[in-house]
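Protein chains in written order, with the numbering used here: chain A, 1 to 111; chain B, 1001 to 1141.
Any given hint could be a false lead.
[As the list claims (entries may be wrong)] Partial list, derived from the structure: chain A residues whose beta carbon lies under 7 angstroms from chain B:
id: 1; residue: 17
id: 2; residue: 21
id: 3; residue: 22
id: 4; residue: 23
id: 5; residue: 55
id: 6; residue: 56
[As the list claims (entries may be wrong)] SDA-like cross-link-like pairs, simulated, lysine to any residue; straight-line CA separation at most 25 angstroms:
id: 7; chain 1: B; residue 1: 1136; chain 2: A; residue 2: 30
id: 8; chain 1: B; residue 1: 1133; chain 2: A; residue 2: 9
id: 9; chain 1: B; residue 1: 1087; chain 2: B; residue 2: 1133
id: 10; chain 1: B; residue 1: 1136; chain 2: A; residue 2: 67
id: 11; chain 1: A; residue 1: 30; chain 2: B; residue 2: 1058
id: 12; chain 1: A; residue 1: 67; chain 2: B; residue 2: 1132
id: 13; chain 1: B; residue 1: 1006; chain 2: B; residue 2: 1139
id: 14; chain 1: B; residue 1: 1133; chain 2: A; residue 2: 90
id: 15; chain 1: B; residue 1: 1132; chain 2: A; residue 2: 86
id: 16; chain 1: B; residue 1: 1132; chain 2: A; residue 2: 30
Quick caveat, the hints were computed from the structure, so don't treat them as lab data.
C-beta atoms are modelled at their ideal positions from N, C-alpha and C, and glycine is treated no differently.
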Amino acid sequence: MNIATRQSGNSTVVDVQGDIDLYNSPEVRKIILEELKEKKVPRLVVNLTGVRYIDSSGVASLVEGLKVSRTMSSRFMLYGLSPAAREVLELSRLIRVFEVYGTEQEALQAK
Amino acid sequence: MDHAIKLTFPSDPRYLGVVRGTVERFAAMAGFDEEDCRWITLAVHEALTNVIRHAYHNRHDQPVELGLGERDGGIEVLMVDHGTGVKQEEMCGRDLEDVKPGGLGLHMIREIMNETDYQPLEGRNELRLFKKKGSKTSVGE
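Chain B extracted, bound-state conformation (with noise of 0.2 angstroms):
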């Protein structure tokens, strides 16, 4: 799909805030109440740290792509790194009930967003997130 919303920026941690910012407002202008707007926010943030530490090794100066678009009563987000890629039988969250720091961005994803899409391929990966309005978020407890 064409992204209404296109982002190029550097991998630059700086920067996370105004990424966010952007993709609150554009999800509550695509009718996600405040709530959703939050838990989208901080899934699009958990990729973009994910792309920082785990494709660019924390290289600040690396470009990322971000597309943010509308389809199917929902919300599409595209972010596209050229760093290293990650196997999909690799991109395991941890197990929850042991208590350690680290490993609980992909959980946050996947918790979050309907739809994750991820693919390593020639020179870039993308990966796709998907969220359907109403379709409420559980904070399992």
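Chain A extracted, bound-state conformation (with noise of 0.2 angstroms):
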């Protein structure tokens, strides 16, 4: 798995390339928390576009980061689901409690 992150106007994007589970969840979860607890990003934007398979820990380590996001008065979004990707957020019930755009451009100008 990479990970890494870029600016685009005034949003962070964490671009994740490869499979989240169990081994790798770690390094996705410090990233985000990073961004959002540490540098205190206004927008943070995670393109799942390269994710082909997430598994409870990545579910875990978004959940996180949606959370910390509300704490600090920041936006968390999600983006590039694949269709595995988004089946294992439709089973946990959680897809409904992320904001979760189609596109990099579709999140990134959202109000």
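With the hints in hand, could you dock these two chains into one complex?
In structure tokens form, the structure reads like this:
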């Protein structure tokens, strides 16, 4: 798995490539929480277009990001979910709690 | 039952991808469609992460045994560990209305598989999962 961050306007985009599972979800969690808690970014957008597989530990990292974003009054958004990633979020009944967009442009332009 | 495929590997998360690949291909060979193969793979993966986290407390050098076989028009998975057992009454998935990290794995396994039988035995714990062909997994929205 590769993970990197970049700036696009007032949004910080986290690009994740590869599977997110118990092996590497701690790294995803660390980056997300660092951006929200330490850098206090106003909008964090997680790009999942390169993620084919995500497990419950990966979902838990995203949920934690969402919860921290609420305490920090930041926006937390996801985009580019693969069918498998969407299925996992739907199975865990969590898809409805996230702001999910199809493309980066939609996420960046979201009011 | 005698499982056609038997794997023994360490409880190291590095091997999760290898196990997923094996399970997905076995399910496809057994005649499950692409979507069901993904579900079965997810259920086995979640069971394995539970073993690593809860039975072996994140120790990465403990043995896990996995058996894959076909019976009664479906797939049976047997996972054996030698770690800390969990009492049946303690195996409760979390309330899905409560949005918080963690506690999702068991819920996913139960939603996906038709049968989930966990037995904490003397010196070993056995988890037996069964999924019948044609039994679709419903994602609740």
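Results of checking the hints against the structure:
{"no.": "1", "hint": "17", "in the structure": "violated, 14 angstroms"}
{"no.": "2", "hint": "21", "in the structure": "holds, 5 angstroms"}
{"no.": "3", "hint": "22", "in the structure": "holds, 5 angstroms"}
{"no.": "4", "hint": "23", "in the structure": "holds, 4 angstroms"}
{"no.": "5", "hint": "55", "in the structure": "holds, 6 angstroms"}
{"no.": "6", "hint": "56", "in the structure": "holds, 4 angstroms"}
{"no.": "7", "hint": "B/1136 <-> A/30", "in the structure": "violated, 36 angstroms"}
{"no.": "8", "hint": "B/1133 <-> A/9", "in the structure": "violated, 49 angstroms"}
{"no.": "9", "hint": "B/1087 <-> B/1133", "in the structure": "violated, 30 angstroms"}
{"no.": "10", "hint": "B/1136 <-> A/67", "in the structure": "violated, 32 angstroms"}
{"no.": "11", "hint": "A/30 <-> B/1058", "in the structure": "holds, 18 angstroms"}
{"no.": "12", "hint": "A/67 <-> B/1132", "in the structure": "violated, 37 angstroms"}
{"no.": "13", "hint": "B/1006 <-> B/1139", "in the structure": "violated, 30 angstroms"}
{"no.": "14", "hint": "B/1133 <-> A/90", "in the structure": "holds, 21 angstroms"}
{"no.": "15", "hint": "B/1132 <-> A/86", "in the structure": "holds, 23 angstroms"}
{"no.": "16", "hint": "B/1132 <-> A/30", "in the structure": "violated, 39 angstroms"}
Violated hints, in rising order: 1, 7, 8, 9, 10, 12, 13 and 16; the structure is consistent with all others.
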